[in-house]
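Kindly generate the complete structure, drawing on both the sequences and the hints.
Chains as they are written, first to last, in the numbering used here: chain A, -3 to 83; chain B, 4 to 174.
Source of the hints: derived by calculation from the structure; they are not laboratory data.
Please note: incorrect hints may appear among the correct ones.
[To be verified] Below 20 Å or equal to it, Euclidean Cα-Cα: the simulated EDC-like pairs (lysine to aspartate or glutamate) are:
hint	chain 1	residue 1	chain 2	residue 2
1	A	LYS24	B	ASP36
2	A	LYS64	B	GLU65
3	A	LYS15	B	GLU65
Residues per chain are reported as follows:
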Amino acid sequence: MKQASRLHVSIWQGLFAPKGTPKEIIGKINAAVVEALADRSCRRAEGHRPELPTREQQNTRGFGAYHKAGSREMVAIIKAANIKPAG
Amino acid sequence: MARVQQALGQTVIIENVGGASGTIATGRVARADPDGYTLIIGGVNHFRRQRRGLPAELRSVEGLSPISMLRVGADADLSRNSLPATNLKELLVWLKANPDTVTFGTGGLRAHRTSPACRCRKRPATSFSSYRSVARLRHCQSVARGQLTSSSTRLRRAIDRAPAVAHAPTP
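If you want it as C-alpha cells, here you go:
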C-alpha cells in the first residue's frame, strides 16, 4: 500500500510508577521486565509477529527519553497543523 | 497470576480502572505511595503529556515515572467485511460519501483522534460508540457482527482477535 503520509506513529504500552519511587526500586523492576521480555516463553506468547521494544526502549532512561520526545513531537504537530480541541 | 503470587509470596491485585481515557487510573497511581508496590501498565494514549492549562488532578502523567516499554507496534482500523473499502484511502473516500451511515467504535475516547472517521470532514453525522475498555475487544467484535462500520485498535489485536473483519493499517 502506498504511504498516505510521512508521519509515522507507533502505538506502545509501558510500565510506570508514581513519581518519587526510589531509583533502586525502579531499577529492580526494570531489570525484571528486561529479563521477562528476553524470556523464551514470553517471546513464544508473542507469536510470529513480535512487538517487542528495542533494548534502548526497554531501558528506563531510553524509555523516558522516547516518551518525552513523543510528547514533544505531538505538540509540534498540533501547533503546526493548528489543531484545536473540539467543543 | 497464581504463579506471580507464588513467586512473590504475596497477593497481587490487578485492577482494571477504566474511564476518562485512563485519566482516572493514571491519577490513582500518581497519588499512590511511591514505594514500588503500585504500578501502572497502559498505552501511549494514557501517558501523553496533558495541557498546562488543565487542573492539576487532570495532569496526572506529570506524577508518573517511566520504568520500561513493554511492547510497540502499529495501530489498525477495522471495518466490517461487507464495506467496499479495502485500504485507508478507499475508507476515507467511503466515509466522506456515506457520513450518515457510519458507526465507529473505539476503546475509550482516544481513538477519535487517530481514526479515519475523525478525519472525515462531515464528522458530526458520524456516530461514535465509545467502549469503556479496549481489553475485551468488544468494539472489534461489534465490527465483526456488523453492528459497527469501523473501529480502531492495535494491529496485533486485530490480527489475533478479530479474524472475521478486514483491516487496513493506519499510516
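- prompt: Any of the earlier hints contradicted here, and which numbers?
  reply: As far as the earlier hints go, not one is violated by this structure.
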